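Visitor: Below, each chain spelled out in residue letters.
Protein chains: 2
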Amino acid sequence: MQRTDVNTLGEFGLIDHLTRDFPLRQASSIKGIGDDAAVIDNGSLCTVISTDMLVEGIHFDLSYTPLKHLGFKAVVVNLSDIYAMNALPKQIVVSLAISNRFSVEALDELYEGIRAACEAYNVDLVGGDTTSSPKGMTISITAIGQCEKELLVYRSGAKPGDLICITGELGGAYLGLQILEREKYIWQENPELQPDFENQTYAVGRQLKPEARRDMIEEFRKIGLKPTSMIDISDGLASEVFHLCKQSMVGALIEESGVPINQEAQLLALKFKLDPITCALNGGEDYELLFTIRPEDIEKVKYLPDIYIAGEILEAKDGIKINTMGGNLHDLKAQGWVHF
Amino acid sequence: MQRTDVNTLGEFGLIDHLTRDFPLRQASSIKGIGDDAAVIDNGSLCTVISTDMLVEGIHFDLSYTPLKHLGFKAVVVNLSDIYAMNALPKQIVVSLAISNRFSVEALDELYEGIRAACEAYNVDLVGGDTTSSPKGMTISITAIGQCEKELLVYRSGAKPGDLICITGELGGAYLGLQILEREKYIWQENPELQPDFENQTYAVGRQLKPEARRDMIEEFRKIGLKPTSMIDISDGLASEVFHLCKQSMVGALIEESGVPINQEAQLLALKFKLDPITCALNGGEDYELLFTIRPEDIEKVKYLPDIYIAGEILEAKDGIKINTMGGNLHDLKAQGWVHF
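Residue numbers (the numbering used here), protein chains in the order written: chain W, 119 to 458; chain Z, 119 to 458.
Isolated chain W (complex conformation) (with noise of 0.2 Å):
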C-alpha cells in the first residue's frame, strides 16, 4: 500500500484533500469548510462556529507559558475567527485531554485563564469533555456566535478596487516567541540565570496573551461599516491575503510602507538579524483583522483608531504583488505557520 508523508501536502493541502469529498446537504449549512467559521441559519440568527486545537510541544511550550495566559490564548484565537465573520461570539465549549502529570491546581490555573477570557469578551462556558492523555496536554475550544445573515463578512467577498485594511501593528507576537524561545536556550544552558525581557513586555505579551479585535467589530456596527471581505491574522499578512485572494477570486497589491509594524519589533527585529518586515508578513498570532472595503466606505475608516490601510485589491489576472518602499515589485510570498 502507498504512503504519503503529510509534509508533501502541507495544512492547508491536507485539509484541502481529506474535506475535498463532503458535499453539504443540511439546507442550514450556509458555509462550510473555507472561511474563518462556519455559519448554520436558523431562521432569524445565524450561529457561526469556529473550532482549534492546541497541542503541548505544537503549539504552545510549557516552560515559559503560564497556564492561565495558555487557558486566556486559547480561548481568545477562538473568539478572532468569529470577529473575522463581523459575528459576536456568545458561548465556548472546551475540550481537554491532560496526563497525570497536571495536579488539579495546575488546571485551576488553566480554567483561571479561560475564565478570565470568559469575562472579558463576555461569552459563556457551556461545555465540553476532559479526559486523560498519555502524554501531555491538548486543549480544543470551539466557540459559537452569533450574526444577522446580512451582517456577515465572509472572506469571499472583496472586489478589485478595494482596500486593504489591517487593524493593528504586526509582528509583536512572532518577536516575543523569538524572546521566549532564547530565554529558554539559554536557561537551558544554564539553568540558575534568571530569565531577561529587557523590558520587552510589549511583544512577549503580544506572544502570550494576545488580545482578539471585538472591539474594532463593535465600532463597524457603530458607524455602520460592512467590510466587503475579512479574515484574522493568525498565520502572518502574506498567509491571509492569499487566503483571502484565492476565495475571492482576486489579486492584491500590497504597499510594503502601509504594513504596519510594532516599534519595539521593529527594533526587536533587527537585534535577532531578521527583517522587519518579513516578521511582519510572515510572523503569525498577532490577531489583528484584515478587511477590505469599498473606496468610498474610507471617509467611515478614516475615523477610526488603530486602521492601517495597506494596498488595493487587484484582478485576479494581476497576482498577489508588493510594493517595496524602494520601490521594487515583487510577487508576495506566504510562508506562514507550518505545522507539520
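The hints are simulated quantities; they were obtained by calculation from the structure and are not laboratory data. Remember, it's a predicted structure, so these values are computed and weren't measured experimentally. Please note that the accuracy of each hint is not assured.
[To be verified] List time: in silico DSS-like cross-link candidates among lysine-lysine, alpha-carbon distance up to 30 Å:
#, chain 1, residue 1, chain 2, residue 2
1, Z, 327, W, 253
2, W, 340, W, 267
3, Z, 302, W, 253
4, W, 302, W, 420
5, W, 253, Z, 344
6, Z, 253, W, 186
7, Z, 186, W, 253
8, Z, 439, Z, 364
9, Z, 420, Z, 344
10, W, 327, Z, 344
11, Z, 277, Z, 435
12, W, 302, Z, 253
13, Z, 435, W, 267
[Claimed, not checked] Far from chain Z, by Cβ distances over 12 Å, these chain W residues were calculated:
#, residue
14, 129
15, 130
16, 139
17, 196
18, 230
19, 246
20, 306
21, 318
22, 336
23, 371
24, 385
25, 396
26, 415
27, 416
28, 427
29, 432
The beta carbon of each residue, even a glycine, is placed where N, CA and C say it ideally should be.
Go by the hints and put chain Z onto chain W.
Guide: Below, chain Z alone, put in the same frame as chain W:
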C-alpha cells in the same frame, strides 16, 4: 504549593470542580454544562451543541480498531448526545491532531468513516482543524443540532411515577471490547496466530461500529411522544441513571429483570467469568437511550419496537435501588468508565 492528583476527584468531579465558577451571562445560553449537550436560543430554533475528545491509547487502540470504524464511531458518539436532547444533528466540526506516523492514506481511511457517518445520519462536515501532534492521534468532534424549544428533553425532567425506558440491549459493546483485548493479548504473545472472533460479530460490531438511535427520535416525533427526561448510555446504564436522578432530583427503582441484555453478550459474559447483569449495568459504549415517560404514555411506547421498561422513578428520599431477580433490594452502584 499544594499538588492534588486529578484522580482524587474523578472525571465528573474534576469537571464539576473546574467549571463551578462559570456563570451564564448570555440570554441565549439556555442550558450550559450538565446535560448531554448545551442549548442556545436563536429566536425560533435552538442550537444544540455537544463535544467529545477521543485520545489514542485512552479511548481507542489502533492495534484492533480500523481507522474507518474509528472515524465512524467518533461521529456517532457525538450524534448520540444530540439525539439524547430529542434534537436532530445537522452539522459537525472535526479537529484532528496526528503524529507523522500517520500517512495521507491512513487519514483517508479515517475520513472515509467520518464521511460514512455523515451520510448515514444526514449531517454536514462544516469545519475543523488539522494539526500535528508529537505522539499519537487525538480527535475532537463538536456536533451541532437543531430543535424547537418546546421539544427539547433534558436530563432534569423526570418525576416520581415516571417509567424508565431503554431503547435496546446492553452489554454488547463492553463484551466486544473484552474479545478485542483478549485477541490483542494472544497476538502479542504469538504474532503468528490470527484473531478468533468465534463468530461473535455482534459484540465486536457493537464495540467497533456503534449506531446512534436516530430512528427512535424520529419515532417519538411520529407518534407524538415527548420523554420527560433523556440521556444516552455511553458510560453504562447505572452511571446514566445516577446522572438523570441527580439532575432531576429524584430516586429510581431499577428492575434487574427489566434490564435488556443481549443473548450473545450474556453467553460471552459467562465465558469471560463476568456477571452478565454487571456488564449490562456498568459496561459502556452501547449508545442506547435511557429515557423516562409519564405513566399514561405507556400506550404510545407499547407499539414501538425495541423499547424496554426497566423501572420507575421514585422520590429522591427513596434513593436509587435495584430489585434483583432473586428478589433482593440493593442500592445501585455505578462504576461507569474511569479514564483517570
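Visitor: Does the no-contact call for residue 427 of chain W survive, Cβ to all of chain Z over 12 Å?
Guide: The claim stands: residue 427 of chain W keeps its Cβ more than 12 Å from every Cβ of chain Z (closest is about 31 Å).
Visitor: Against chain Z, does residue 371 of chain W keep a CB gap of more than 12 Å to every residue?
Guide: holds (31 Å)
Visitor: So if I understand the rule, the pair passes when the alpha-carbon distance is 30 Å or less; does residue 253 of chain Z with residue 186 of chain W pass?
Guide: holds (24 Å)
Visitor: Examine each Cβ of chain Z, and state whether all of them lie more than 12 Å from the Cβ of residue 196 of chain W.
Guide: violated (10 Å)
Visitor: Test the statement that residue 230 of chain W is away from the interface with chain Z: the closest C-beta pair must be farther apart than 12 Å.
Guide: Violated: least Cβ distance 9 Å, not greater than 12 Å.
Visitor: Is the hinted pair residue 439 of chain Z and residue 364 of chain Z satisfied, with a Cα-Cα distance of at most 30 Å?
Guide: holds (14 Å)
Visitor: Does residue 432 of chain W really sit off the interface, with its C-beta more than 12 Å from all C-beta atoms of chain Z?
Guide: holds (29 Å)
Visitor: Is the nearest Cβ of chain Z still more than 12 Å from the Cβ of residue 385 of chain W?
Guide: holds (32 Å)
Visitor: Does residue 302 of chain W pair with residue 253 of chain Z here, judged by a C-alpha cut-off of 30 Å?
Guide: holds (22 Å)
Visitor: For residue 336 of chain W, is the shortest beta carbon distance to chain Z beyond 12 Å?
Guide: holds (16 Å)
Visitor: Mind verifying the non-interface call on residue 246 of chain W? Its CB should be farther than 12 Å from each CB in chain Z.
Guide: violated (6 Å)
Visitor: Does residue 396 of chain W sit more than 12 Å from chain Z, CB to CB?
Guide: Check passes; 24 Å lies beyond 12 Å.
Checked against the numbered hints given earlier, the structure breaks hints 4, 5, 10, 13, 14, 15, 16, 17, 18 and 19 and satisfies all the rest.
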